[in-house]
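A.B. asks: Here is how the chains run, residue by residue.
There are 2 protein chains.
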Amino acid sequence: MLNPEYIGFFAATLTTSAFLPQAYKIWKSKTTDGLSLTMYTIMGLGTMSWLFYGVLIESPSVIVANCISFSIILFIVTFILRSKK
Amino acid sequence: MLNPEYIGFFAATLTTSAFLPQAYKIWKSKTTDGLSLTMYTIMGLGTMSWLFYGVLIESPSVIVANCISFSIILFIVTFILRSKK
Numbered sequence: 017m018l019n020p021e022y023i024g025f026f027a028a029t030l031t032t033s034a035f036l037p038q039a040y041k042i043w044k045s046k047t048t049d050g051l052s053l054t055m056y057t058i059m060g061l062g063t064m065s066w067l068f069y070g071v072l073i074e075s076p077s078v079i080v081a082n083c084i085s086f087s088i089i090l091f092i093v094t095f096i097l098r099s100k101k
Numbered sequence: 017m018l019n020p021e022y023i024g025f026f027a028a029t030l031t032t033s034a035f036l037p038q039a040y041k042i043w044k045s046k047t048t049d050g051l052s053l054t055m056y057t058i059m060g061l062g063t064m065s066w067l068f069y070g071v072l073i074e075s076p077s078v079i080v081a082n083c084i085s086f087s088i089i090l091f092i093v094t095f096i097l098r099s100k101k
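These protein sequence lines map, in sequence, to chains A and B.
Following my numbering from start to finish, the first sequence increments by one per residue and tops out at 101.
Following my numbering from start to finish, the second sequence increments by one per residue and tops out at 101.
Only chain A is shown next, with the shape it has when bound in the complex (with noise of 0.2 Å):
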């Protein structure tokens, strides 16, 4: 039987780095024009819930990916305000 942590890993993966592409256009252009910073609060907040689900049903694939990709958001969302003053 397939262990479904690696699917979850796999998964991780790619949700996670997802997030990198538009991290590194941001950072590389300086501007956050286009970018929806009610988007990535939202991201944000739903990140830090799935990361609380993810302790309840003890799934290390599931904590990991949210553990990364709120801090990738936290640095997003800290560029979008930043830009915004």
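Because the hints were derived from the structure by calculation, they are not lab data.
Certain hints may be false.
Note that identical chains are pooled: a pair holds if it fits in a single copy or bridges any two copies.
Here are the simulated DSSO-like pairs of lysine-lysine, each with C-alpha atoms no more than 27 Å apart in a straight line [claimed, not checked]:
id, residue 1, residue 2
1, K100, K46
2, K100, K44
3, K100, K41
Since chain A is already given, all that's left is putting chain B on it; use the hints.
C.D. replies: Quick look at chain B alone, frame taken from chain A:
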């Protein structure tokens, strides 16, 4: 004991609705400037993998969340591709 699925569905509502402002912004402005096609493509693949994970661990919240997210991401990717023509 707190049912983890309550947290799961709360998290699902947040991470799913997080994509809506971005989708609305695209729909209204008809532009996808600043959005990373790479990000949304990887996110789409990741969401599909989480869906598979949800089926394997039989988690209703993970399944529902990723079904809806995948649909919205598909809309965004389609729009970015169309605007690139």
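A.B. asks: Look at each hint and say if it fits the structure.
C.D. replies: Hint check:
1. With identical chains, the CA atoms of K100 and K46 are at most 27 Å apart both within one copy (12 Å) and between copies (22 Å).
2. Taking CA atoms no more than 27 Å apart as the test, K100 paired with K44 passes in both settings, with 17 Å inside one copy and 21 Å between copies.
3. In this assembly of identical chains, the alpha carbons of K100 and K41 lie at most 27 Å apart whether taken from the same copy (17 Å) or from different copies (17 Å).
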